[in-house]
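*Asks:* Chain A is fixed; fit chain B onto it per the hints.
Protein sequences appear in the order of chains A and B. Just so you know, we're using the UniProt record's numbering here: the first sequence kicks off at 1 and counts up by one. Just so you know, we're using the UniProt record's numbering here: the second sequence kicks off at 1 and counts up by one.
Worth double-checking, as some hints may not be accurate.
Once the Cα atoms are required to be at most 27 Å apart in a straight line, the calculated DSS-like pairs of lysine-lysine come out as [to be verified]: (1) Lys122(B) / Lys42(A); (2) Lys25(B) / Lys377(A); (3) Lys550(A) / Lys25(B); (4) Lys497(A) / Lys148(B); (5) Lys630(A) / Lys209(A); (6) Lys377(A) / Lys122(B); (7) Lys550(A) / Lys147(B).
Simulated from the structure, these hints should not be mistaken for lab results.
The primary structure of each chain is shown beneath.
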Amino acid sequence: MTDFWNDGDPIADTAAPDGPIETRWERRKFSAKLVNPANRRKLTVIVVGTGLAGGSAAATLAEAGYHVKSYCYQDSPRRAHSIAAQGGINAAKNYRNDGDSIYRLFYDTVKGGDFRARESNVYRLASVSVNIIDQCVAQGVPFAREYGGLLDNRSFGGTQVSRTFYARGQTGQQLLLGAYQAMERQIGLGNIEMNARHEMLELIVVDGKARGIVVRDMVTGEITTEMADAVVLASGGYGNVFFLSTNAKGCNVTASWRAHRKGALFANPCYTQIHPTCIPESGTHQSKLTLMSESLRNDGRVWVPRAAGDSRKPGDIPEDERDYYLERIYPSFGNLVPRDIASRAAKNVCDEGRGVGPGGLGVYLDFADAIARLGQKAVEAKYGNLFEMYERITGENPYQVPMRIYPAVHYTMGGLWVDYDLQSTIPGLFVVGEANFSDHGANRLGASALMQGLGDGYFVLPTTLGNYLASGPYEKISPDHEEVVAARQAVEDRIAKFLSIDGDRTVDSFHRELGHIMWEYCGMERTEEGLTKAIGLIRALKDEFWQRVKVPGTGEQLNQNLEKAGRVADFFELGELMCIDALHRRESCGGHFRAESQTPDGEALRHDDEFAYAAAWEYFGADQKPTLHKEQLEFEYVHPSTRSYK
Amino acid sequence: MDIQVRVWRQTDSSDKGRMVTYDVKDISPDASFLEMLDVLNEKLILDGDDPVAFDHDCREGICGACSMVIDGVAHGPERATTTCQLHMRHFKNGDVIDVEPWRAAAFPVIKDLVVDRTAFDKIIQAGGYITAPTGAAPEAHATPVPKKDADLAFEAATCIGCGACVAACPNGSAMLFTAAKVAHLGLVPQGQPERDTRVLDMLQAQDDAGFGGCTNMGECTTVCPKGIPLTLIGRLNSDYRKALRNSNS
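For reference, chain B alone in the conformation it holds in the complex:
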């Protein structure tokens, strides 16, 4: 199939940036979206142009590196799908496809489609862990975990940290990302001692990193490639209120 892509080109963080149109011909419907961009880049290089920079690594939907807004939707039109797992069979011959980077104040553009997501790491640093220095762990079966809690903790823990939730949010909020980690660690018994400080510190770090506030728009969960549910934000709010109450008493 033959398509056109209109790609955001920006040489570095100080450049203003612009959309540039390219023809991409003879693409197999079985190619992934990133493989289509590989084909484009091979041509650009041989034509003496600068290839399009984009983040990608595992190309199997788990590392969270790939990050493109495709036709205005983070990770493109398919539900619960990362860009690398989006295949060209979902587009039609002759389509014109817009490709842009994540747009959020906390994720500045580095080049073309590559953005800086270290703000996510900062949120984790603030409390997205259980303090368990190596060697101090008790026998794994010492503390049974109800299957229901373990399963829910797992669902929350499947977040890949790609940042689509932030890109989709009109406020540029990271609330779904933070909520997923707060839920994961708050659902297992090992996570209880730090439950209050975790939610307080992570939310503070989120504000400090320049993410916007959450107004429950729900765009985040709609684009989330792992389907992290919006209800986790309710859980986070509940944990937050409890933590505030406990810290005031």
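Next up, chain A with everything else stripped away, as it sits in the complex:
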């Protein structure tokens, strides 16, 4: 027991089979109970979120014959934030004959995750990766191709093989449209009931099982209760707790957090990925940060001036006064080191006063050599849309002057704890994609988020959810059931509370301040002192929020500030848990860097003897200490070693 948390019993994943890792998924599929096709239409599944994980899951479950009810806060399922993923999707096809294999993808992912992921899950992910590409091609996804008509590949950070499939810099868009179109087909056939502009605000748990959700129609404000035999959360990550991130403005933790409050454990919340190549902030009006695909590091060279305070234009700084620091420190991976390493290195050179651009918070990403070597046309063919985007935002032409980049929050590896079946600690509540914690450990490799989202939705969930549903249909729940009434009442009370405070600060002003605390103390580098301070600051700010927030309008209309208020209220509680998780993990691993735990030359220092576990947190109330349950991680195949990219 400590000041901030209680220690609880260990937790274990009992769903994964033992034995040879290569056949675990085959054996799990065989042992999973099946649902007779005639019975499937009697079973209803709720899917919250329509990104790669939720869209692919909804389409696949509907194709299988289940009745699916889908919800998203956007005006169309096609707009989920997976759409913005740029670089690509990994798959162990070995089309390049460069030594790739399922085992190598598995190995790279476990190592890239800094030995904090579950081997069984990662192996399965690597093995379904090849099916994902087949599936997407069958849907007509226009991947980049070579002149012979075969699929092209590129390499990505953290690996030495070319296994990334891509569609220019818009891979996420093309994959999501594939899933969206498959979904729309099922909507047209009446197998999916689509509810766009609807937000899940509560989970309904009856007799210990997830049986439904409370949703708000964001146009009319109507609150309804929706019942099902199982609930799937595919509601994405929580990077917006930092206010500024590469997430879409609407991305939020509310669906996950409401489930957490109802008993689902939340694992590894402190594992956040700070992406090294984003466009730096330009001023206080900044509402979000924009990522430039990491694929740019294939051809761009990262540098800063050798001397601190050098304010010359980049073109005026001679070659021998530049420090290509990634190539210098990490000669074997160079500019392609994993994201966490590249981000921290950028922070370090900026901390030394060698940063470039406004406020000295930036480093150069220079394409001059690539343009000289390949020609502008070839560079344009590869990265044209990214260069255009950069110029549109900054007003600078990256063909002529180097891009300026700086790290920004991009992805959250933590999420609701799930077992091998992707089931949370609440039976009947399944969690897929970025919303769960399962596959990336403490750090996600580039082009692996799309792989996990689609792997979960197309191939894993339909099997494991079927196993759960085989014991259904579950008893019909009346809308008058006390749990249903209570969940609905809780939502209505909370909305009434937001509207009644009528204070003198906007929701955004609180969100911005929370984000600043998180970035300062729970960002790229964390310390015991800073985290303890942050917890106090967050609690004080949360209290102030509930006293002083001003939410205009009513609950019976389109009210975007009311939506935001609910999300920010949940971000406060999550932010506190992130700091507690970061505080308890007195080691550095992946995206979590504790200043107290580093090697003499400043690299992350893990403590496998103490911390080779997933930290799964149990909720006991907004002002109560959470309880820590440890899931010990076993490494039978990839033995933990110090990651070295030198």
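*Replies:* Below, chain B alone, put in the same frame as chain A:
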């Protein structure tokens, strides 16, 4: 910089609506158009007024949510740019800027600048897909696709479904949107079996959803943030004629 915006305010679908003028002061030229509206909304809230509702999400030009007619042009004055990627450096101090929602019969206004675009989803439901149930796919390299076709299919597939084409069209037609999807799926070998039914069904759905007919005005492609070319409508017409011929034979 200091500007004035004249914004369309409409409380709900039954309200008649009106333009309302607001001063917005001290805006950085590096702010995006939406960030300028954020600043305005923060002030409106603290003044006790109703903030302006508008759709937005990714703010990096890819989700297709943002949708404003700025000074009479869908997505504003910059070519090939969504509203969220339009920056204030393209305006001058003292400018008066008109901001309105998409105007089209098939896109009714929900509130202020927010419109209902589910009619686009209906067009996709009618045939904007390749039937490929999960698990049935052959090995990806079984069918090579000529690079030229793959590249063109990709160009067509970059449509973000924002609806600017409809807003700009004097007829309120969705032809460029439909044509982009018909071209994308018609250019890859996997899309051939459903090529005829796709174009027939999607055009029918487009008519049913209340979009106008296409008279080749070309306003759509001019405002398209992704530069979807007008030639795709020619492709669609050609596919349509072939499909009609095949269905009659």
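*Asks:* All hints are to be evaluated individually against the structure, with a verdict given for each.
*Replies:* Against the structure, the hints:
no.	hint	result
1	Lys122(B) / Lys42(A)	26 Å, holds
2	Lys25(B) / Lys377(A)	42 Å, violated
3	Lys550(A) / Lys25(B)	22 Å, holds
4	Lys497(A) / Lys148(B)	58 Å, violated
5	Lys630(A) / Lys209(A)	23 Å, holds
6	Lys377(A) / Lys122(B)	39 Å, violated
7	Lys550(A) / Lys147(B)	55 Å, violated
Hint compliance for this structure: hints 2, 4, 6 and 7 are broken, all remaining hints hold.
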